[in-house]
Each structure stands twice: as structure tokens, then as C-alpha cells.
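Peer 1: Listed below, chain by chain, are the residues.
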Amino acid sequence: MQRRQLSRALAAAMAAPAILIGCVTSPSDAEVAAKAATVLKASFREQGQARLDRLVQDDTQQTCSAYTGKALPKDIAAQIENANLAMIKWPADGKLVGDWKNGEKIAQEGRGMQYSDDPKGPVGANCYACHQLAPQELSYGTIGPSLYQFGKLRGYTDENRKYAYGKVYNAEGYSACTNMPRFGHKGILTEQQIKDVVALLMDPDSPVNK
Amino acid sequence: MVVEPRRALKGAVLGLVLVAPLVLGQGSTVDEIAKYRAALQDGNPAELWEARGADLWLQKRGPKNASLEQCDLGLGAGVVKGAYAQLPRYFADADRVMDLETRIVWCMVTLQGYTEADAMKGPFGGPDRKADMEAYVAFVTSESRGIKMNVALRHPKEQEAYRLGEKMFYFRGGTHDFACATCHGEDAKRIRLQDLPNLTQTQGAQKAYTTWPAYRVSQGELRSFQWRLNDCFRQQRFPELVFTSDASIALTMFLAHNANGAAFDAPAIKR
Numbered sequence: 001m002q003r004r005q006l007s008r009a010l011a012a013a014m015a016a017p018a019i020l021i022g023c024v025t026s027p028s029d030a031e032v033a034a035k036a037a038t039v040l041k042a043s044f045r046e047q048g049q050a051r052l053d054r055l056v057q058d059d060t061q062q063t064c065s066a067y068t069g070k071a072l073p074k075d076i077a078a079q080i081e082n083a084n085l086a087m088i089k090w091p092a093d094g095k096l097v098g099d100w101k102n103g104e105k106i107a108q109e110g111r112g113m114q115y116s117d118d119p120k121g122p123v124g125a126n127c128y129a130c131h132q133l134a135p136q137e138l139s140y141g142t143i144g145p146s147l148y149q150f151g152k153l154r155g156y157t158d159e160n161r162k163y164a165y166g167k168v169y170n171a172e173g174y175s176a177c178t179n180m181p182r183f184g185h186k187g188i189l190t191e192q193q194i195k196d197v198v199a200l201l202m203d204p205d206s207p208v209n210k
Numbered sequence: 001m002v003v004e005p006r007r008a009l010k011g012a013v014l015g016l017v018l019v020a021p022l023v024l025g026q027g028s029t030v031d032e033i034a035k036y037r038a039a040l041q042d043g044n045p046a047e048l049w050e051a052r053g054a055d056l057w058l059q060k061r062g063p064k065n066a067s068l069e070q071c072d073l074g075l076g077a078g079v080v081k082g083a084y085a086q087l088p089r090y091f092a093d094a095d096r097v098m099d100l101e102t103r104i105v106w107c108m109v110t111l112q113g114y115t116e117a118d119a120m121k122g123p124f125g126g127p128d129r130k131a132d133m134e135a136y137v138a139f140v141t142s143e144s145r146g147i148k149m150n151v152a153l154r155h156p157k158e159q160e161a162y163r164l165g166e167k168m169f170y171f172r173g174g175t176h177d178f179a180c181a182t183c184h185g186e187d188a189k190r191i192r193l194q195d196l197p198n199l200t201q202t203q204g205a206q207k208a209y210t211t212w213p214a215y216r217v218s219q220g221e222l223r224s225f226q227w228r229l230n231d232c233f234r235q236q237r238f239p240e241l242v243f244t245s246d247a248s249i250a251l252t253m254f255l256a257h258n259a260n261g262a263a264f265d266a267p268a269i270k271r
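Protein chains in written order, with the numbering used here: chain G, 1 to 210; chain W, 1 to 271.
Calculated directly from the structure, the hints in this document are not laboratory data. Treat each hint with caution, since some may be false.
[Claimed, not checked] Computed cross-link-like contacts, DSBU-like style, restricted to lysine-lysine with a CA-CA straight-line distance of at most 30 angstroms:
| no. | chain 1 | residue 1 | chain 2 | residue 2 |
| --- | --- | --- | --- | --- |
| 1 | G | K101 | W | K189 |
| 2 | W | K81 | W | K207 |
| 3 | G | K186 | W | K189 |
| 4 | W | K270 | G | K105 |
[Stated by the list, open to error] Looking from chain W toward chain G, a few residues come up when the C-beta cut is under 10 angstroms (computed):
| no. | residue |
| --- | --- |
| 5 | L56 |
| 6 | Q70 |
| 7 | L164 |
| 8 | R172 |
| 9 | A188 |
| 10 | R190 |
| 11 | Q194 |
| 12 | Q235 |
| 13 | P239 |
We treat Cβ as the ideally placed atom computed from N, Cα and C, and that holds for glycine.
Excised from the complex, chain G in its bound form (with noise of 0.2 angstroms):
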């Protein structure tokens, strides 16, 4: 796909004159980045549900890493959202709302794929660590925008039920090095639950909503 426009970016991304701490001879940006990658999958080991391979970076996480901190090239950035859409898989029955109870729940679960969890569930999304939802859940964080009444502001269309459901499934697509997970792509969170969660944010009748 757009793997090698990715890598060659990030080549470039690399080349960037790195900032040398007092030593004629310091190893490129690109060698430290390498020499980190090489570092850290020597100081891990496995735990539970959490194999090695959560450590090799896919393309998105590669590039996404070498520019945190810079600027991000927006052709860099397109190729990344494009790439991360057409990876999208929509849901087969063409429905993408489900039900906003369920989807509170998912909002609510923190648990989910960290090496003390129980690999059977549940896994949840965890939005409310980073988003404002309903409005009677005090606790909330503040690394996303807030999310409530998002259907309310936006309006109740096809579009936008199509939008929230891309973006929960895979972030990437939308928002280039967004911090967001990308809930469907990686297997986080079932195609059930991503419509589940889109009712939350898309249903009249979801508190999000009120």
C-alpha cells in the first residue's frame, strides 16, 4: 500500500539534523531511534495477554514516533490518514448505530488488553480517561475534546453516524498521530461494540445527547 512512501518519509523525517549534546561524533538521530527500538525489546519481557510484539512498530506508529515534538509534513499526514482509511472495515450488515446503554458501558471499562487483565474480558474503550461524555459522569479526562452532545451539535445524519464510526474504528484515518487508539484496527473493541459506542455518541436518546 503506502508502506514505502512511509518508510522513505521516515528516512527523511530521520536525516533531520539532530541536535548534538557537546560530541563531535554523536550518532545520527536515525542511529539513537534505531538503537532505542533495539534497547527497549531487550528490556521487556512477556506478561500475560502482552507478547514482545506489542514492541515492533507498525508504519503509523514508526512515523508517528519520529515526528513527535515536530511539525508534521502535511503530505506525510495525508498519506498516514489515507493509508489508516482504506483499512477501515465497515460494518457488512451496513448498520453502524447500536445501543447507547451497552455503549455507556464500553465508555466506562477501563479494563482491556494490559498484561493484568483477564485475556476473556471485558475490554472496554475507557473514552470517559479522555473525553467528556454524559454529563453525569463528574469524572472525566481531558486529553480529547469533549464529546458531549455530539450528535445534538452536528445533527443526526448519515454522515456524521459514518464519521463516528471511522473514527472510533481507526483514528488514524482522520486525524494523522492523533493520540487517540484505533479501537477497530487493532482489535480492541468488536464491530458490536464500535456501533454500541457510535449510539452513545449518535443516539437522540443517549445522555451524550441530552
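Chain G is already provided as a structure; the job is to place chain W on it using the hints.
Peer 2: Frame of chain G; chain W shown alone:
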């Protein structure tokens, strides 16, 4: 060192009393949490770990029946005062950059005759057992309280550790694409109601780094900086960070050096 168990316990008891007040609205919730945190400062059970560590430091232990009194933490054999404020650092005898825990393991092996595996066994305490390592850490760090952080990047290996740690801080991976920077790269953010320090800025790094290790009220344990990193990576959905691994030391170097200039103020107490 004077330990007052009753005063120390008061902090823990207050924790139980004040843990529930999710009332009225966001503002008052945050206010109540601030009050709870202020109340915790009144008595810190970390003193119990400090006292136990000071006692263990002098005890003759291990196959060589020796104490840790001659352990060189970077300022010369036997000097504990102020040593933590200059760690991690390069140690020529080991030809390696070491953080405090790694250096304690080194001293347990070289002075007391433990195998490295035995010295590294069970570094974090739990409900059924107290870890000697956390007591050592509490004692040594308490001897740097009030001293300004001054972590140098003189040796090439110190410089390398810093640059590796910085890269690791921005390394995104795992099921959730998280890096350290995902939660600790911006000002004034929080997870749920927990404020997050921005560790890429001097002020944030100083405030965070100088308040670890800490007694965690919610866990009833004194937690070392190695534990802090280990548990961050668990929540990051990474595999388990190996105790005293090169990555753990490099990240500690990055964060400790960024905290330079601030007075060290731990063991602290946290929720």
C-alpha cells in the same frame, strides 16, 4: 530519624475517610480532591520504609555477611547524603550508567555476595510481603531531601542514555499506539480526574521526578521510581518492563536530567 507510627497512620486513615466525596459538580469535586491531598501531607507512612531501610543498610547480610555501608552511590564509598540527586550516572567499575536500584543491586552482589538474580528478586512489595529494595530506596532517597537535582551528562554513556531515553519517551507501540508522551506531553491534561505532569517541560519534569519515590495510600506501599515506570508501561499496554533494564535506566536518565535545578522532595505521599 524519628518515626511516629501514630502520626504516620493518620494519613492513611484520613485517606479512607475522604475518598468518596464526588459531589455537586466538577469544581467542588476537584476542590475536595485538593483537600484530600493536602490532608495526606500531614503524616507520611513512607517514614516507616525510610527507618527500615536505614536499619537494613547497616545490617550484615548475604553470603559475605557484610553491610551496605561501603556502597559507592557515586559520591564515594559510604556517602549516602545527596547521592540520589546526582543519579543516574556512569560508574566506571561497572562500565555502565546506573540508577539507584541498579546500583543497590550492584552493591548487594559485590559487597554482600548475593547472586544478581537473588538481589533482583521481588523488588516491589505486595499485600503479603514487604520488599527490602523499596526500604533501601526510601532510605537513600530521603538522604537527598532538599538537595537540588544535579544529574550530569558528562560521560558519553550518560549522553547516550539521555538520548535513548528521550526516543523511548516518544516511542509509540502496543495495541493502543501509546507512548509516554501520549499522556505526559502536554500541559494541564488529566486522565479522569488525575492531573498529568507534562514531562517534556522543565517545570512538569521537576514536579513529578522530585516527588518519587512515594507512599501510595491506595496501595499501602512505598513505591520506587522503577515501580513507577513499570506500572506506566502496564497501563500503556506494553509487556512488562524488566527491573533495572537498560530502557528503565535510559528513561530515568531522561526524566531525572530534565528535573535538574529543582530541590528533591521525596519520599512523598500520593493518593
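Peer 1: Tell me if the interface restraint on W:Q70 is satisfied: Cβ within less than 10 angstroms of some Cβ in chain G.
Peer 2: violated (30 angstroms)
Peer 1: Holds or violated: is there a CB of chain G closer than 10 angstroms to the CB of W:Q194?
Peer 2: holds (8 angstroms)
Peer 1: Per the CB criterion, is W:L164 less than 10 angstroms away from chain G?
Peer 2: W:L164 check passes; min Cβ-Cβ to chain G is 5 angstroms, inside 10 angstroms.
Peer 1: Between G:K186 and W:K189, is the straight-line Cα distance small enough, at 30 angstroms or below?
Peer 2: Within the cut-off at roughly 25 angstroms; holds.
Peer 1: Can you verify the interface hint for W:R190: is its Cβ closer than 10 angstroms to any Cβ in chain G?
Peer 2: At about 5 angstroms, which falls below the 10 angstroms cut-off, the nearest Cβ of chain G leaves the hint on W:R190 intact, so it holds.
Peer 1: Take a quick look at whether W:K270 and G:K105 sit within 30 angstroms of each other, Cα to Cα.
Peer 2: holds (29 angstroms)
Peer 1: Taking the closest Cβ pair, is W:A188 under 10 angstroms from chain G?
Peer 2: holds (8 angstroms)
Peer 1: Quick one, is the W:L56 hint okay against chain G at 10 angstroms, beta carbons?
Peer 2: Not OK, violated: W:L56 not within 10 angstroms of chain G, min 28 angstroms.
Peer 1: When the nearest CB of chain G is found for W:Q235, is that gap smaller than 10 angstroms?
Peer 2: holds (6 angstroms)
Peer 1: Given W:P239 as an interface hint, is the shortest Cβ-Cβ distance to chain G below 10 angstroms?
Peer 2: Holds, because the Cβ-Cβ distance from W:P239 to chain G comes to roughly 4 angstroms (cut-off 10 angstroms).
Peer 1: Hint W:R172 vs chain G: min CB-CB distance below 10 angstroms?
Peer 2: With a minimum Cβ separation of about 4 angstroms from chain G (threshold 10 angstroms), the hint on W:R172 holds.
Peer 1: Given the hint that G:K101 pairs with W:K189, test it: the Cα-Cα distance must not exceed 30 angstroms.
Peer 2: holds (28 angstroms)
Checked against the numbered hints given earlier, the structure breaks hints 5, 6 and satisfies all the rest.
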